[in-house]
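J.: Residue numbers (our numbering), protein chains in the order written: chain A, 1136 to 1631; chain B, 2 to 654.
For the record, the hints were derived by calculation from the structure and aren't laboratory data. Every value quoted in this text rests on a predicted model; they were computed, and no experiment measured them. Heads up, a few of these hints could be off.
[Stated by the list, open to error] Here are the simulated distance ranges between beta carbons:
(1) B:W576 <-> A:T1580: 53 to 61 Å
(2) B:W620 <-> A:G1198: 52 to 60 Å
(3) B:I70 <-> A:I1193: 46 to 54 Å
(4) B:A627 <-> A:G1308: 25 to 33 Å
(5) B:D599 <-> A:L1301: 52 to 60 Å
(6) B:L641 <-> A:A1315: 17 to 25 Å
Virtual Cβ for every residue (Gly too), placed ideally from N, Cα, C.
As a plain string of letters, each chain reads:
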Amino acid sequence: MTEITIPPIDWRVATQLCIIFGWASVLLIIALFVPRSRIRVVGYLAIAGLVVAAGAGIPFWGGSAETFGGMLRLDTYSMMLNWLFLAAAAVVIAYSLNYLPKHGIEHGEYYVLVLFATAGMMLLAQGGDLIVLFLGLELLSLTLYVLTGFAYPRETSEESGMKYLLTGAFAGGFIVFGIALIYGATGSLNLAAIGDTLARAALAAEDRTYLYAGAALIVTGFGYKIAMAPFHMWAPDVYEGAPTPVAAFLSVGSKAAGFAALVRFLVEAMGSQWPVWAPALATLAIATLLLGNIGALIQNNVKRMLAYSSVGHAGYMLLGVLAAGAPGGMAGQRGVEAVLLYLLAYMLTNLGAFGVLIALEQRGELTWDINQFAGLWARRPLLASAMAICLLSLAGVPPTAGFWGKFYVFTAAWQAGFGWLTIIGILTAAIAAFYYVRIVVQMFTAEPSRETPAETDPALRAGLVIAIAGILVLGFMPAPAIDLVQRSVLATVGGQ
Amino acid sequence: MDWIIWLIPAFPLLGFVLNALVVRQERQAGILASAMVGLSFATTIAAMATLEGTPAEARRLTWTLWEWISIDDFRVAFGLLFDPLTAVMALLVTGVGGLIHVYAIGYMHGDARPVRFFAYMNLFVFAMLMLVMADNLLLLFLGWEGVGLCSFLLIGHYFDRRTVQPGINPSDAAVKAFVVNRIGDAALLAALFAIFTNFGTLSFYPNPQLGLTGYLDQAIIVAGQSIDFGAFGQLPLMTAITLLMLVAVAGKSAQLPLYTWLPDAMAGPTPVSALIHAATMVTSGVYLIVRNAALFDQPASAAPWVLVIGVVTAFIGATAAVAQLDIKRVLAYSTISQLGFMVAAVGMGAYVAGMFHLLTHGLFKALLFLAAGSVIHGIGDQQDMRRMGGLRTTLPTTFRLYAIGALALGGIFPLAGFWSKDEIIAHAWFDARSPLAAIVLVLTSAITAFYMGRQTGMVFYGRPRDPALHPHESGPLMRWPMIILAAGAIPGGLINFPGLHWLNSYLRPVLQEPEVIYTLGMGVLATITTLLSAGTAYLGWKTYAHDLELRIRVGKDDPALRYLGDLWRGMEIGWGLDWLYQRAFVRPYRAAADFFSDAFDRQGIDGVLVGGAARSMNWLAGGLRAAQTGYVRTYALAFLLGVIMLVAYFTLR
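In isolation and in its complexed conformation, chain A is listed as follows:
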């Protein structure tokens, strides 16, 4: 009988995860004892936990380690993403502090759920094993279903929560099936091990078919999470119905986590099969770019427009993923960097845009009509400027963060040999500019048809200032951010 040895656990790898999980559990209990009128204290505590977790990561920056038998990874890539998730969660909570009481849905669980969702995202970024990735995905999804339907008893919120749950369960099923197929083909769930097996080309033809079918299903599942066409159709409905801070979280955090896992899977496990998956993913990227941007074109509902626009942005990031898998070292690294830089820019920008949306949102009014932006410049010049900066950044106009994101992605795709794909990307960016600028025009030139009061509070303002400052700093001085993403290396095989 062989002796079971438990390998030593490197807790450093799981430090940030443990902090968030632990703090979320503690907060859940604390929330029980906080009086209803003071419930926002839980929000402050949640932000404090996020800050501590972010700080706890700093000592580990630069290295690469794995633990739990390679199930959990900590490399500079996942560290960078962890910080993105933590920052996004903090801003979303800041946005929610006044949003929740204003809409009468203030419950302590909200903040706890955001923390759990953040932990799920971090698992997706750090997972080195398909089971861990699935675990992270489910943790993220389940909390987000609840958060989406959080605006009880508002029907649209309920509806969107339900839709999200149904389609999410549908997608989750495919992922599990895909994992099973891959295990069947390779006998392993570890990404590095799968990659190793494939690289040695030691698979029988039959196994190979199972493997590819499984890979297709897993791409489907993560594609659902990042709102890749044709698995994107839930996004506009869910974004529209979800409480706006949750929609912001969905559009930023959940998408980033999906990309984190997709890149890990495609590069680490399927890297050697790039010639196989690249054409398929390229086709999906084109579909995503076109459907997202054209769909946004005729939306008069700004929240839906941002949803479609987030689909389009997934298309741009897919260009980076395609480049990330490209053989030949440098091109691949460029692609990973491009995805990270784009995620950073996109996160700042979308958080800013949703922040303005929150400021304009009235209790019980759910139109988000473009007319509400008419004449905003005359009424609230700062708010209008913030929105304009965000929209220009989304459109990729220099000197904003969005420009550098697009620039980097297009450069990476071009260098990886996706010339025609880059051209389609640029063309759709031109289409996208139309619907972004439409709102800018509304804000600066149109006469307001109806006065929409805009309210901001200190927490919302702080979140907006962070987002706008980030957009501009990144736009004017991209060098530090580019430097940061260039250090964010995906440690390919087993912490080498």
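Got chain A sorted already, so can you dock chain B onto it with the hints?
T.: Only chain B this time, still in chain A's reference frame:
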């Protein structure tokens, strides 16, 4: 101290900047602009004094501010040059320019946009000074384009009026001047390219500060080369360069076949006509040839063509001036004709004579324009000579000044025009051995005297024909500049008086032209010319002040039409060149432009590409919206289809 030459253009530039950005009041703008040109004039005098201290074999001041362009071998200095040739030009530009600025304070009083006017006037003086002071051809070209721009801006000063007298649209006139000048500008650019490729430099003279060579003293070295046009044969390099320069001159100095813009340029305010379209800008073509005399002196140069163009233009312009009914158009055609004299002179190699006439003409033509402006101003903005008549009693000062200008222009002894014009004619007869040119020029001179006599008679003699006019004399701000110009136009011949030839000596360091030895034959020729001119002047005056006076009617044709018929009509329309261009170029071009604008722009780009793209996108988006039903089952179906396709691709690949 050489750097002070930069102050000469700097003052008007400062005036422009201040007027454009700071000044808001009419009076301040006028005073500022005039003061800046005055300072520039004073600096020019100071620079001339400094110039006297330099040795005769290197009589020039240069100062390079910085290296403008440095791309491999293509190096151009941002530097100014001040030699005797530049000095006389700068003196004319700032001296006459300053007087016209002062005059304009009075003339433009009550105008809708006086500050803008003075700003542009200063900008013009700046550009003109850059043109004459540039130490290389590229910087000269900058000034050349600058004066063209200012000309455009100032001709269109009344852009808000549909028409100004005599029925010209100011905006159209401005555009016409600009477009016609572009032909010449393009030719100058081509000449510039040819010079750079063959000489490797654009500097006129060696530039010690940057170590550049000059192209003018290398003319001999490359004189024998040719440019190969392949199937079109070969053209000697010198012919090509000088021919291109001649086209540039034809544009800027209103010579055949490009002179048609100048009569229309009279749509600008009268001070503009005096400064830009008589005294300075239009003479820059003559300056260009004189500056590049080293090239035109080469045997293969296009100098004979320059002579032909000049002589023919002089004759054509003079004949057209005879039949004009607008007081400023007479002077405009007269300017074309007189520029023809100058171009003919430089075409013969008589550069000093050309410069001499340029200077005297600058004085008396400016005087004539200002006096014409005084008439126009005095009778309530009327330019039609048929409405005038008998103004010598009501505008006595203006009349006397106008008469001085007319006699000077007519070449009557002993006024300035006589001396300078006679020198050109004498050169044609005796030195160039071109009797035909000389005879045509003498004839032109006689016609010149005739139309000036006619104009003086029509405007100042006879009976007042329009009772609606209430003439009043101009104020001192307008009168004094004219008096000073008249005081210059009377003894102006002294600057190159036979036997003294000061101008000749002064320009010798630049042009090395020998002194003309005066002979008895020259005296005889001059006597014949001036007697002929005096006769025709009297004839013109008598005809229009007495014989035909009663038949001049407002709104009716000139009485001479009865005697000359179609010939007169031809002269009236400037020999129909405008008519020809309108049909040969403008209308076909417009038609083609309309076609392309409609077929390509409106229907193709706007309609199919822009509109079509927008429509197709909207259509697509509408389709997508229909697919977004809101039902989860639809979404799941799309999802499933996607999965099936993806799995199929991966497994069946």
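J.: Now tell me if each hint is right for this structure.
T.: Verification of the supplied hints:
1. B:W576 <-> A:T1580: 53 to 61 Å: Since W576 of chain B and T1580 of chain A have Cβ atoms about 55 Å apart, the given range 53 to 61 Å holds.
2. B:W620 <-> A:G1198: 52 to 60 Å: At 54 Å between Cβs, range holds.
3. B:I70 <-> A:I1193: 46 to 54 Å: This hint holds: roughly 52 Å between Cβ atoms.
4. B:A627 <-> A:G1308: 25 to 33 Å: Holds - the Cβ-Cβ distance for A627 of chain B and G1308 of chain A, about 28 Å, lies within 25 to 33 Å.
5. B:D599 <-> A:L1301: 52 to 60 Å: Since D599 of chain B and L1301 of chain A have Cβ atoms about 56 Å apart, the given range 52 to 60 Å holds.
6. B:L641 <-> A:A1315: 17 to 25 Å: Holds, since L641 of chain B and A1315 of chain A (Cβ atoms, about 19 Å apart) stay within the stated range.
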